[in-house]
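Colleague: Chains as they are written, first to last, in this note's numbering: chain A, 1 to 345; chain B, 1 to 605; chain C, 1 to 578; chain D, 1 to 301.
These aren't lab readings, by the way, just hints derived from the structure by calculation.
Among these hints, one or two may not hold up.
What the hints assert, rightly or not - In silico lysine-lysine, BS3-like type, Cα no more than 27 Å apart, as pairs:
#, chain 1, residue 1, chain 2, residue 2
1, D, Lys-59, B, Lys-487
2, B, Lys-161, B, Lys-137
3, C, Lys-151, C, Lys-168
4, A, Lys-114, B, Lys-422
What the hints assert, rightly or not - Pulled a few chain A residues facing chain C out of the computed Cβ check, cut under 10 Å:
#, residue
5, Pro-96
6, Ala-98
7, Pro-99
8, Asp-234
9, Gln-237
10, Ser-245
11, Leu-252
12, Asn-257
13, Ser-259
Beta carbons are placed, not taken as given, at the ideal position from N, Cα and C, and that holds for glycine.
Each chain, written out:
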Amino acid sequence: MSMNGTNTRSASFWIQAWKRLLADPVARICGCILAIYLVVALLSATGLIAKGWNDEVGVSYANPVFAPNEPNPEGDTSLIREDASVTDDETKAIDPLAPKYEEIAKLERTNADKVTVLQRLLPLGGDKTGRDVLAKTIKAGQISIAIGLAASFIAVFIGVVLGAFSGYFGGKVNDALEWVYNVFTSVPYILLVLAFSAVLGKGVGTVILVLGMTGWTGTYRLIRSEYIKHRDRDYVQAANAIGASHLRMMFLHILPNVSHLILIQLSQEVISFIKAEVVLSFLGFGVPVDLISWGIMISDVRSELVIGKWWQLASCATAMSVFVVAFSFFTDSLRDALDPKSSRR
Amino acid sequence: MKLKSHLRLINSLIFSFLAVCSIHASAAADMKKTLHFTFEAAETGFDPAEVSDNYSNIIIANIFDPLLGYDHLARPAKPIPNTAESLPEIKENGRIYVFKLKKGIYFADDPAFNGKKRELTAEDYVYSLKRLVDPNKNAPWAFLLQGKVVGLDEKIEEAKKKKKFDFDSIVEGLKATDKYTLQITLKKPDYNLPYIMAMQNTGAVAREVVEKYGADLDSHPVGTGPYRLVEWQRAHRMVLEANSNYRGEVYKPTTEVDPRDRDIAKSFEGRSLPSVGRIDIRVVESGQASYLSFLNGQIDILIRLGAEYVSQAAPGGKLSPALEKKGVKFYSEAEPDTTYNLFNMDDPVVGGYTADKVALRRAIVLSYNNGKLVNVLMKRQGLIAQSPVPPGITGYDPAYKNPLGGFNLAKARGILDAYGYKDCDGDGWREAPGCKPLMITYLSSASAGSKRDTDELLKNGFDKIGVKLKIEMTPFPDLVKRRQSGKYQMAGAAWGADYPDAENYMQLLYGPNKGAGNESRFDFPVFNKLYEEIATMPQSDERQKKFITMNRLVAAYAPWGLNAHRIRTHLVQPWAKGFKYHPIEQPKFMYYDIDLEKRRAVLGE
Amino acid sequence: MHSIQSRAADKGWGLKMSDDVLLDVKNLQVTFRLGKQERFTALKGVSYSVPRNSVVALVGESGSGKSVSAMAIMGLLPRANTEISNDSQLIFNGVDLLKESEGELRDRCGKEISMIFQEPMSSLNPVYKVGEQIVEAICLHKPMSKLAARKRAIELLDEVGIPQPELKIDSYPHELSGGQQQRVMIAMAICCEPKLLIADEPTTALDVTIQKQIVELLMKLRQTHGMSILFITHDLELVREIADQVVVMHNGVIKELGEASAVFDHPKDPYTKALLACRPTLDSRPIRLPVVDDFLQGREGELPKGERARGVLPTDPIVLEVKGLRKSFTAKRGFFQKEEIVAVKDVSFKLARGKTVGIVGESGSGKTTLGKTLIRLHSCQGGEVLFDGKNLMALSQKEFQPYKRRLQIIFQNPYASLNPRFTIGDILLEPMRVHSILDSDKDRTEHAMALLKRVGLAESAFFKYPHEFSGGQRQRISIARCLTMKPEVMICDESVSALDVSVQAQVLNLLQELQDEYGMSYLFISHDLSVVKYISDEVLVMNRGEMVEFANSDELYHSPKHPYTQKLLAAIPGRGNH
Amino acid sequence: MIPTLIGVVLLVFFLFKYFGGDPAAVLAGKQLTADKIAAIRAQLGLDQPVIVQLLIFVKQILTFDFGRSWSTNEVVSNMLVNRGKVSLTVMAQVWFLDAIISVLLAVIAAYLKGSLSERLITGICTAAMSISLLLYVVIGQYFLGFKWALFPVMGWSESFWVNVTRYSPLPVLLMLAVSIAPSLRLYRTFLIEELNQDYVRTARAKGAGDHRVMLVHVLRNAAIPIVTNIAMAIPGLFVGSFVIEQVFSIPGLGREVVLAVDRSDFPVIKAITVSLAMMTMLANLGVDLLYKWLDPRVQLK
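Extracted from the complex, chain A is given alone in its bound form (with noise of 0.2 Å):
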């Protein structure tokens, strides 16, 4: 409270939630963890790591380097290769193509692929398929927390537009908004989704859609609540008295005062929506074939434990379960730093 002289502008509540959050041990292990979760996303975004997650360079199920002498039947399988097969004269009599037969042969040669060995051991193993299951795993990771991040930014965009709108003007509006939240939450939560994924085709983005149109409800609430407390504090009545308008008042007035628990609802969606993603995939409706997430990781590889390969399981297990885990804590601790008065969790 003391009144220096200094016209630098005092830590703002931020800086002090930042200062909190620093000092708990928690958080700073927790934090850490997360960044270097995020650097491996950005780095496998940018394509710096990761980038043949999906090319084939091992054998089926390649052992990983700590179980190099697992037996692999299923590796020499897949180095099985089948025979060429022979055009006939009968065949040439009918084939369209055959007018073309030396051309195509010419080409075919120029057009040769190098032959690449297949590795028998690989850091993490190997998949079905033989891709490596570390750059899977990290391009899986990317994906998973790209997801989770998009889909809680428009649940909680969501959820605070309406709940903003909901808990201010109260009467009508409140009264519209909150039929369309209990309809909401009178769907069985499953059935919403599969009606949703069905509506919105496939995709990445309708992963995110799907997640965060069904998961806005939420924040919808805490939001509405946290505006019916806000609106009537003098802090607004003084705004109001001043002449500022209802967005006005909304947005740049309310919105900074909720904005910590908005910061505390995205961590927390973040989690719960790279869960659901599981979920999501284990239903079919996870991120297409040319990309990987956790979820499609896991539910793919959900018989490998039975058959004894148990690595691809259990490095996207850890990978997923260290980094939620640390989220979870994080979150805790962020909301600490934010909102010391409420009592934790």
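Let chain A serve as the given structure and place chains B, C and D on it in line with the hints.
Modeller: Chains B, C and D only, in chain A's frame:
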């Protein structure tokens, strides 16, 4: 099956008298014996005329009796009489078939019969077959008879108009000439009719039962077969019990038995069928769960083990030592089915019969790594398909190798280069001739346990030859509908044999069948003519040759990109006997037996 | 901090104590751990004693540590982060409470020492009937059957003056009024005949008239039960009425301690002097109120002498005229029924330019609603508010917008009325931005800086956040915010009620100076009759939404006409002494 | 309440009407033709105008007769009852155990507030609830069910007791792993909020010991939000967990929902949604009553 199959069919008429002898004694099924069995997908119902899914059909096959059946052990599949005294008498070069029924076959008891014993008659078959084509029902099996039987199509049209099928009016081509004789007259010769009459869905239902239960017939299947349904918890559990009215059978192989199956054949000696009193069937959708329960002894016979577990149970095609020690038996058999990628021949980009269009399809076919599909994705639980016709089917030639098939990226690129599919704008993807944009959409369906890995394989091939592929996911019902109506470019499909004849496959590419079975909308005059010929003749060398020519046409014009024939692996506990997987016929529990003592000994109960 | 070994050694202490002393607080030092390193010492070695059968008042402003010492006696300080120095002693009846085990202390609490609190509503468990709560208190300490305890509870309720105790015993706390709730608390506190009753601001949350009744009740009970009361309050006038001894605290230390009459009549400590002087009284109206600094720096002699004249003449120009204003709320009752609750009924008055109208009333009288309705923070259901010849109530939102800057409001709670996420700069610039006052943010910043200086804050405040300021400073910021718009009428809604006396004086002085300087008119809403008397030219008394009396302030205070006004004035503590 | 039901009806109707796939395509069997699809559509009433279909739906809701499943011909209401019962058998156990364990742990955590043990409890719970249910299920089934043979790998019987004692413990255990932590954390917040209330101070001033304060005063007040929260979970019990039901072959409603959507079995989808929505509304109503019963302050409002 290059052999003179037709002659064998005739021959078997004679042998078949011996095949299954009715012993006319009440069944000696041991009610203490319960067989535990699983379905990997839920059943839907048990009205033979209404349902078409595999799992419901297993139940139907064990409750209802078609006129003919298949020899349990004979391979290739061989029809034998079931409720018929013998194989049918064939007249007018396969246009008229006369079936004579065994006497003294009774339906299982049911309140619909008012406490009386109800004997099976030829009229029951007339009625049951008419039900199959009733247009006011889903009638998934109508195609078996529609367009084939004299006078039947008119009845169908009439029923459509009246919204009611008149079962009492007589159809010329489908009538009972006396109490035990059924005569079927066809519009043109068709030597596949006996096969149709061996399908479980042509089994006899009693009219009284149908009329009594109406919409509930689903849950009241009453037939003359060895079992009856005593408990049904939908999509979860079915319990069958031996039908006390069953005529009782003894099985003796009609042909030389494969040496591997001798033990099985032996197990039938002195055994009257059915042997097991109760069959307890559960729906277990999770492959992991059913495999683990088998290992725990909770399941006696596990058919169609998930491919991913085969390499565990039988690595390299040999039973694992652990299971070997337990005495588990293991059967690996090719199924008469074919998976393939469809091209829509009416599509402006991938369809058409000109060389450049053919070139695109052929390149795509060459880019698909069938070897990887079979060896890695299917874990060797498959054979690379060389022709549309799968093994175990009349018309299949194991010596025939697809002359234009194989996985050859260099050649695929060569073909595309030769026909002007080049990368004009340097973005790494090829354009259509004349630098028109080229992107192919593949239709796939999303569901729990989707076939993501095969989609990945396809995409991989396209990427390697520089053709853009978009995979569109759509609900399964829509996928089916769009394939039927030709609203797609490329899609995956599979066909399992209805009856063991190559005609069943070739009809899928017959021009006039567009919009009904012919989903690729392939319409090529030479092929159409060949089909019309093979459809009306019995199997012969000449017919076999025509099949080969048709195979070559399919390879050259590539309306289909052939993928694989599935191999299925089945596991049997040491205490279960009599199991042999039949390629056409559904599993029939009456052949199976259980050694209770052995089970007790092994499980240590 | 208090090991068991040391207990035996300390036992002898009590014997030396005078029998007259019930509680002896010796060198009490309490420190709170706020974070890992942060410590806050709330009590820096406090010593005082409570004689038997007496009332000791602990007086001080917020943060003085007066409540902490009471909580320490009851063992109610949060164990996890409180440190009580080893030198501290709390000798009650010869036993050092600090050396007692948790169990012993709990046994003593409620039995020998009991306590009542400021907020009776939240201090009672909302889900139990009041009877159950009293019975619990009895049964915890006395081997008594439930039935007997219930009988005793009814007697107690009767004793504390709750009508129909047999009925009320089965009420839930929320079914009782605030005064009754506090009576229940008292009944619970005296149920085991304690020797010491600690009353922590027991009347602060209550209305003036109730306040008086509760205090009278406590005094009566002290007599009949022969107990001592440790009375904690910030209200000096109240203390003067009831206390035998006074302890004045400030920032964790005792400033002055002694017999009540001595402290009040001849305060020795400048801080005590200041406290006594800076509170407006009913009988004098200095030009400027003295503030604490005047005394601490020995400038009390330099204060301007003389009294300020108040009152409105019929010739004074009128800025705002309210005619028959009516405000009601509708409450839903069941599905279709609605009930109208009238908060303001037919209020009419005039506000003269450069003058102040004070509005007084108890809680729920509708005074705040009236203020908010005037500037359309609430809608109104009838009547006119004429400003500048226009009826403000009839204007559309858009038409009303320019009037907003001319009518401003300062709220009660200085902690809630400033947006916590805005810097003071943002807070001051916001109204200018909304009303496009001045052309650029640069000019606005200059203007804001000037205003900060005017209200007595450093320019550096511009860059700070509200939480870095004290309550008084925040109220200054609120005032500066209004000044940015140069309003003609300012509504001060309980604007000084939440402030400590010393700060209150500063803010009142500032308001007065600004009125003199800018000629603004004030509508001063308060429940504090002394403050209203000091600042107002005219006073409007409200009761249950109705206007009871409206007159020039001197006239009203001198000869109240309406019985309600009379009752209100009679309840003011200290009224009797002067 | 009624408006919500109308909203649910409209949402479900239009979502599945326009985006749900054509059930006729599934029903028509192997050799489908356009004719046959049209015929089946006519049979199912899908060729009727949309408004007529909607009215039929409304009539079904009012009479609570949803007819038969399109794909299995089962009477829909029977199906709801049968499958719902199964889901309930598993979920009621989860619900019950979850409530007891989480309240118990929350009380312990509130007692230990600020101590290392409390951080340990909440830490473990946070970690446990963060991990995906699917992972628990896959790994739990493999190790607990198969490798160590502590539980049957999967299954379900007709006997309620066999189900409770034999088949449901593993699924219940796995679900508890993810469900306890969120409730525990929530209840702990409720308890700590109450611990900070003034009346706790009063109780302590009265001389009530720690246990009395916690069990008599705090728990009774915290019970209001806790019981409400527990009651609100009831409608969800009937739907069950799709993942659990599929992996453990439990014939519950959750699996049925996914199956119905896969097959475009509109009557089943409609029935499940509408009855769940009704159940949710009933639960809301029940919670209101419960609130009145638990919280004396509410009665006056």
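Colleague: Hints first: check each against the structure and report whether it holds.
Modeller: For each hint, the structure was consulted:
With a CA separation close to 36 Å, the supplied pair Lys-59 of chain D and Lys-487 of chain B exceeds the 27 Å bound. With a C-alpha separation of about 14 Å, the suggested pair Lys-161 of chain B and Lys-137 of chain B falls inside the 27 Å cut-off, and the hint holds. Pair hint Lys-151 of chain C plus Lys-168 of chain C holds up; C-alpha atoms about 13 Å apart against a cutoff of 27 Å. With a C-alpha separation of about 21 Å, the suggested pairing of Lys-114 of chain A with Lys-422 of chain B holds against the 27 Å cut-off.
The interface hint given for Pro-96 of chain A is broken, as the beta carbon of that residue sits about 74 Å from the closest beta carbon of chain C, more than 10 Å. Look at Ala-98 of chain A: its Cβ only gets to about 78 Å from chain C, farther than 10 Å, so that hint breaks. Evaluation of the Pro-99 of chain A hint against chain C yields a violated restraint, the C-beta minimum of about 78 Å exceeding 10 Å. Against a cut-off of 10 Å between C-beta atoms, the interface hint on Asp-234 of chain A holds, since the closest Cβ of chain C lies about 4 Å away.
Given the 10 Å rule on beta carbons, the hint for Gln-237 of chain A holds: about 6 Å separates it from the nearest Cβ of chain C. With its C-beta approaching chain C no nearer than about 8 Å, Ser-245 of chain A sits inside the 10 Å limit, and its interface hint holds. A cut of 10 Å between beta carbons decides the hint on Leu-252 of chain A: the least distance to chain C is about 8 Å, and the hint holds. Taking 10 Å as the C-beta cut-off, the interface hint given for Asn-257 of chain A holds, the closest approach to chain C being about 5 Å.
Hint status for Ser-259 of chain A relative to chain C: holds, with the closest Cβ pair at about 7 Å, below 10 Å.
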